[in-house]
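Residue numbers (the numbering used here), protein chains in the order written: chain A, 1 to 905; chain B, 1 to 252.
There's no promise every hint is true.
[Stated by the list, open to error] Cut-off 27 Å, straight-line C-alpha distance, at most; resulting in silico cross-link-like pairs (DSS-like, lysine-lysine):
id : chain 1 : residue 1 : chain 2 : residue 2
1  : A       : Lys-284   : B       : Lys-237
2  : A       : Lys-411   : A       : Lys-506
3  : B       : Lys-173   : A       : Lys-226
4  : B       : Lys-88    : A       : Lys-284
5  : A       : Lys-171   : B       : Lys-145
6  : A       : Lys-307   : A       : Lys-141
7  : A       : Lys-141   : B       : Lys-88
8  : A       : Lys-259   : B       : Lys-239
9  : B       : Lys-173   : A       : Lys-141
10 : A       : Lys-219   : B       : Lys-173
11 : A       : Lys-226   : B       : Lys-88
12 : A       : Lys-307   : B       : Lys-88
13 : A       : Lys-114   : A       : Lys-219
14 : B       : Lys-223   : A       : Lys-141
15 : A       : Lys-259   : B       : Lys-145
16 : B       : Lys-145   : B       : Lys-98
17 : A       : Lys-259   : B       : Lys-88
18 : B       : Lys-95    : A       : Lys-259
19 : B       : Lys-88    : A       : Lys-219
20 : B       : Lys-239   : B       : Lys-223
21 : A       : Lys-153   : A       : Lys-307
22 : B       : Lys-88    : A       : Lys-171
23 : A       : Lys-259   : B       : Lys-173
24 : A       : Lys-171   : B       : Lys-173
25 : A       : Lys-259   : A       : Lys-171
26 : B       : Lys-95    : A       : Lys-141
27 : B       : Lys-223   : A       : Lys-259
28 : A       : Lys-529   : A       : Lys-373
29 : B       : Lys-237   : A       : Lys-219
30 : A       : Lys-179   : B       : Lys-173
31 : A       : Lys-141   : B       : Lys-237
[What the hints assert, rightly or not] Just so you have them, the derived chain B footprint on chain A, three or more residues with Cβ under 8 Å:
id : region
32 : 191-201
33 : 249-263
Read the hints as simulated data drawn from the structure, not as lab findings.
Yeah, the Cβ is synthetic: ideal placement off N, Cα and C, and Gly gets one too.
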Amino acid sequence: MVPKRVLQLLVLACLASALRAGGELYNHLVITPQSPVLEIGTNFTATCMIINTDEITAKDLYWNLSDITVSNKQYTKINSSSLSVTIPVIGEKHEWLFCFCKEVSNYVYLNRSKFRHGIILTKGYRPGKPENLSCEAVQVKMEISSTITCVWKKVGRSSTDVPTKYTLYVKELGRNHSKETNGNSSQVNLEIFPHHMPMEIWVEAHNKLGRIESGHLSKDADSFVKTNPPSDIKVISEKTFPTSLLINWTHPIAEEYLKLTYQIRFCQNGSQSWTYVPLVDTDKYIQSFRLQNLRPDTVYVIQVCCKNARRGHGYWSNWSTNATMRTPEGIPKGKPDLWRIITKVDGVNERQVRFITKDPVFANGRIQRFHIKIQDKKDKVKSRSEEWERIPVNRSEADGSSSQREITFLKQIDLADERSVRVYVTAFNSVGESAQASLFIPDKAYGVWDLAPVEGLNLSSHGGQLWLEWKAPKNKAVSEYVVEWAANGWTDWQRENRTTTHTVIKGNLEKFVCYTVSVHPVYSGWTGKPASVQAFVEEGAPLEGPEIVDRKLGRNDVELVWKEIPQDKRRGFITKYTIFYKNGSKTHSVTVPANTTSYTLTSLSGNTRYDAWISASTIGGSARSLNHSFWTLKYAAGEIEGIVVGVSLGFLFIVLMTMLLCIYKKDVIKENFWPQIPNPGESTIGTWSPHHPVKADTPKENCLSGISVLDVDVCDGKCVFEEDKASLPLKKDKYLSEEHSSGIGGSSCMSSPRQSVSDSDEGGDMADTTASTVQYSSVMASNGYKGQTPSSQPQQAIFSRSESTQPLLDSEENPDMLLQEGSKHSQRFPRQPCFTHTAQNKDSTDPADCHQREMEQQELLEPLDFYPLEEDSEQTTPTEGQSADWLPAAPASSYMPQRGGYRPQ
Amino acid sequence: MCGFCLLKKFEKQCDYDESSQFACDTERRMNGHVKSMHFQQLMETAAALLSLLLVMAVDSTRTVAASRNQECGNSLQQTLKLTRLVQKESVDLIKTYKASQGEMAELFCKVTVADVPDPNISGLEPSERLASISIHLQAFFPHFKRVYEQQTDLQSPTSPLLAELTTVSTRSKNLATLINSFYQSLFPNLPVPEPAGGPTTLPPPQNVFQQKVYGCVVLKTYKELLANVSRELRTLKNKVCRRRIQINTLFL
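From just these sequences and the hints, can you work out the full model?
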């Protein structure tokens, strides 16, 4: 440390003397060292020296690092003209270090620029020793490239101001090469690759703070060689050696350049599990090798690589391209894996037995056929049963290395329950025959031997596989186990040895499929009772929900019946059903166990629409059924029947009561509803002789024909006539007797509002009846008829009326129509007697009835000789068109007998 | 360290070691018979130790000799390999040369040309023969250079002949360097072999035909030299490396 300081001062002294010689152009302050490169993390000491002036001393100096004044604690006064400072080197960025002087005098103030000096501090790290140097020269064409490539690992940090560079050195015997780089790899081009020559390679890291070399690689130049892989690899398969393949190849480079050693690896086609031939077998300069102990009839992929034969020198080449070859077929080893599927035949004491088999594990070729022999235990002696049956199979050209062995159906037999057979099977390929496999099928009662099943069979699923665990049957020596799994009509199996109590199913199991897994213990060839369990590799949500197939509606409840989801769509074990039902926006749910297929929803509202659906759940999810809508009943069961019966009984009661009432009040009713109307025919008025002769012009005013009406007031007839005119259109529909009851003259004015309707609804008779209906009234004074003069007591008069369809009024009103309808009128007149009794038959408007009654009336009236003469006169009158003439005459002649017969009642 | 020295040291231990002084005095005071018996036992132990040390020394010497022998063998083996490589390349070069010289190329090589180095190795001692190999190899360098120059005028720049000439020339230099190195490792006190007669004599300017003939003869002669070198090195392998073992054994 001391010599360094002395040296520094010496340099300063020299510098100072030199500056003095230079005159006043120089600063009065000088820092040493100038432009230093500093290692980050160390301390740096700089010294500021006062030269060529006595104006200031060291105590007037101070230091600035960039813009910050350095604390005077870090200063060291060397002498009156020198001040040093020690600062830590921090950060990678370069900085300025200034030495300033306080302005202690005017000279200093005026020459400020001469009393300052600065140096730039460049910071960096020392280079780290490169590590992991490795170099490689690859093969180009038939020689090794003259370019050698080296890679190393950088160590340590590098700053921007002090970058670290690397120089790669390659030293041959007598020649040196080098190349500089900033990275961690470099290439050196040699004139030729120096085979069999020693070579030394190293890399040097260097920057302004120092340099350091990596470890030297002093090796034979061939140690850096990486050749191409062997070419032209040929694999030869020889029929006589089914477990062997011969490999030939060509050296990638001439022996004079490099002596190589080889490595061989092979695997079955499709597999990535390589088998490496031990190096001791191939660690020679060889061009062929025979692979042995291979599986017959298996496609192998073979690769070869090489390197410098000298141990520890050179790099392994890449692996050659694949060379593929199938080994020849060999005799099958092992025996076929024989199994059976027994199905019970309903209704018959037989079993259906299907024999299936897998190829021997080491089929060593394509199995071309199986031979099967079924031997009945009771039928051993028969020669026929000893015959072998050939079952040819057509295998595809698959690789024998496939782990999944194909299942071959051999034969199906119907076996009586009491029969037991033994089955033998052998497999053949093109080379030979396998060992014999046999299987016992005991009779149905094999339980007598107590071929007990395994106990505690437990099955679990994880990792996409099914794991089984069981306990061996007690007191029985099991020779092996057969683990069988079946789903969707497909059965597969595997065999486990006698000591196995847990295994995994090795077949390709699908997710969401329900497998029935059975473990059959085999007792010296006799298959014991199986223990079975169902399982899924992985459960999912059902593909569809349960189907609602029925419902039984009630007023406040409904029973829903649904069908289970088909097995292939369950995709898991159903854990529960959830029934949802919704009324409006409110949804209710009920959970029921998985073994339920119907449920009654209660507490429903009557006469309400509900939407219901059922969700079936598994561990993997759930699926819902379609919406099922229903209306609850308005009435509960039996409610309607009760109402109907009640109403019926009530009605019956009313009817009975009415009937009883009618019976007991018969006379009253009769009197009220059917009052006795005196028969005009029996009237004594006909015999009555008026005091006043009948007015000659009265008939003109009165519109009656056929029947003579006792006219009370002449003017009344006119009024009626006028009214009829106004009410003509109404005649088309109904003819109101009130309006047309003027036939009795003033009686219409006094008549009661009771309407006497003369119905003639039938279309055909409308014209006949509507226009011709007229009421005939017989007015009977209580005191008897006294005359045709208006009575002083008209209101006390009792009148009886009769209705007629006589078209008299129309004829009067419309003489033209009368002419047209004259023929009709002429036909009606004969009916007139019919209407004389309409009081008794007013409901009967049927022309037929009317006609019948007319006839009856005629029969009745004829003996009475009721104006027989007028018939003819009336028939002829319309044709003559003199209504005014005949009308007065007719009533006069016809009415007279009536009057004579009328008697007050 | 020898066994005898150990024995002496043990004797001295009685004189100088204070801790064992008492034991030594007691020993001296014992009667003569016992004293004699103890001494005999001591002598037997010392003899056994001496024998063991001798065996160990011989074994270590042999190990060193074997490693030196192996080193010698490796160097010679590498030299031999390089010789074979150059030999192979020279054979290929002659083929390429003949192919690139047009018709009558076979005839060129049958003509004798002066001023081509002798392919025969001279000397009686291995050192002399090794030196002779080195000198002969070096003697061919100017000739290769001359042939290269001549063929550069005759061939296109991309001709494989030129590349092969360069390769063989460079490889020959490597071989010469390797042999020199081997020579120096075997005979470190002998001077580095150099051509005795000064610079190699090159033929005067030639016409194209002469150039073709000259080139072929040079290559052919060189090939012969390499065959001789190869043979010589195989012989030297037995002589030089084995003799060193013998020398080492005798030295020890």
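Do the hints match the structure? See the list:
1. Using a Cα cut-off of 27 Å, the hinted pair Lys-284/A and Lys-237/B holds, with the two alpha carbons roughly 23 Å apart.
2. Among the hinted pairs, Lys-411/A with Lys-506/A is consistent with the structure: their alpha-carbon atoms are about 25 Å apart, no more than 27 Å.
3. For the suggested pair Lys-173/B and Lys-226/A, the alpha carbons sit about 24 Å apart, so the restraint of at most 27 Å is met.
4. Distance check on the hinted pair: Lys-88/B and Lys-284/A sit about 22 Å apart at the alpha-carbon level, within 27 Å; holds.
5. At roughly 24 Å between alpha-carbon atoms, Lys-171/A and Lys-145/B fall within 27 Å of each other, so this suggested pair holds.
6. Between the alpha carbons of Lys-307/A and Lys-141/A the distance comes to roughly 16 Å, so the proposed pair stays at or under 27 Å and holds.
7. In summary, the hint linking Lys-141/A to Lys-88/B is supported, as the alpha carbons are separated by about 17 Å, within the 27 Å threshold.
8. Taken as a hint, the Lys-259/A and Lys-239/B pair is honoured in the structure, with Cα atoms around 25 Å apart against an allowance of 27 Å.
9. For the hint pairing Lys-173/B with Lys-141/A, the CA-to-CA distance comes to about 24 Å; that is within 27 Å, so the pair holds.
10. For the suggested pair Lys-219/A and Lys-173/B, the alpha carbons sit about 19 Å apart, so the restraint of at most 27 Å is met.
11. Between Lys-226/A and Lys-88/B, the direct Cα distance comes to roughly 21 Å. Compliance with the 27 Å bound is thereby established for this hinted pair.
12. Restraint check for Lys-307/A and Lys-88/B: satisfied, since their Cα atoms lie roughly 21 Å apart, inside the 27 Å limit.
13. As the CA atoms of Lys-114/A and Lys-219/A are separated by approximately 62 Å, the hinted pair breaks the 27 Å bound.
14. About 24 Å separates the Cα atoms of Lys-223/B and Lys-141/A, which keeps this hinted pair within 27 Å; it holds.
15. About 31 Å separates the Cα atoms of Lys-259/A and Lys-145/B, which puts this hinted pair outside 27 Å; it is violated.
16. A threshold of 27 Å between alpha carbons decides the hint, and for Lys-145/B with Lys-98/B the separation of about 18 Å falls inside it, so the pair holds.
17. About 14 Å separates the Cα atoms of Lys-259/A and Lys-88/B, which keeps this hinted pair within 27 Å; it holds.
18. Simply put, Lys-95/B and Lys-259/A have alpha-carbon atoms about 24 Å apart, close enough for the 27 Å limit, and the pair holds.
19. A distance of roughly 24 Å separates the Cα atoms of Lys-88/B and Lys-219/A; the hinted pair therefore holds under the 27 Å criterion.
20. As the CA atoms of Lys-239/B and Lys-223/B are separated by approximately 24 Å, the hinted pair is consistent with the 27 Å bound.
21. With a C-alpha separation of about 25 Å, the suggested pair Lys-153/A and Lys-307/A falls inside the 27 Å cut-off, and the hint holds.
22. Proposed proximity of Lys-88/B and Lys-171/A is supported: the alpha carbons are some 25 Å apart, at most 27 Å.
23. Taking the CA atoms of Lys-259/A and Lys-173/B, the gap is near 22 Å; set against the 27 Å cutoff, the hint holds.
24. Of the pairs offered as hints, the one joining Lys-171/A and Lys-173/B holds, with about 15 Å between alpha carbons and a cut-off of 27 Å not exceeded.
25. Simply put, Lys-259/A and Lys-171/A have alpha-carbon atoms about 23 Å apart, close enough for the 27 Å limit, and the pair holds.
26. Under the criterion of a C-alpha separation no larger than 27 Å, the hint pairing Lys-95/B with Lys-141/A is consistent with the structure, at around 19 Å.
27. The suggested pairing of Lys-223/B with Lys-259/A holds, with an alpha-carbon distance near 22 Å, which does not exceed 27 Å.
28. Taking the CA atoms of Lys-529/A and Lys-373/A, the gap is about 24 Å. The hint holds against a cut of 27 Å.
29. In summary, the hint linking Lys-237/B to Lys-219/A is supported, as the alpha carbons are separated by about 22 Å, within the 27 Å threshold.
30. A distance of roughly 23 Å separates the Cα atoms of Lys-179/A and Lys-173/B; the hinted pair therefore holds under the 27 Å criterion.
31. Straight-line distance between C-alpha atoms of Lys-141/A and Lys-237/B comes to about 34 Å, which puts the hinted pair past the 27 Å bound.
32. Residues of the region 191-201 of chain A with a Cβ under 8 Å from some Cβ of chain B number 7, which satisfies the need for three, so the listed coverage holds.
33. Here the region 249-263 of chain A counts 3 residues with a CB under 8 Å from a CB of chain B, which clears the bar of 3, and the coverage holds.
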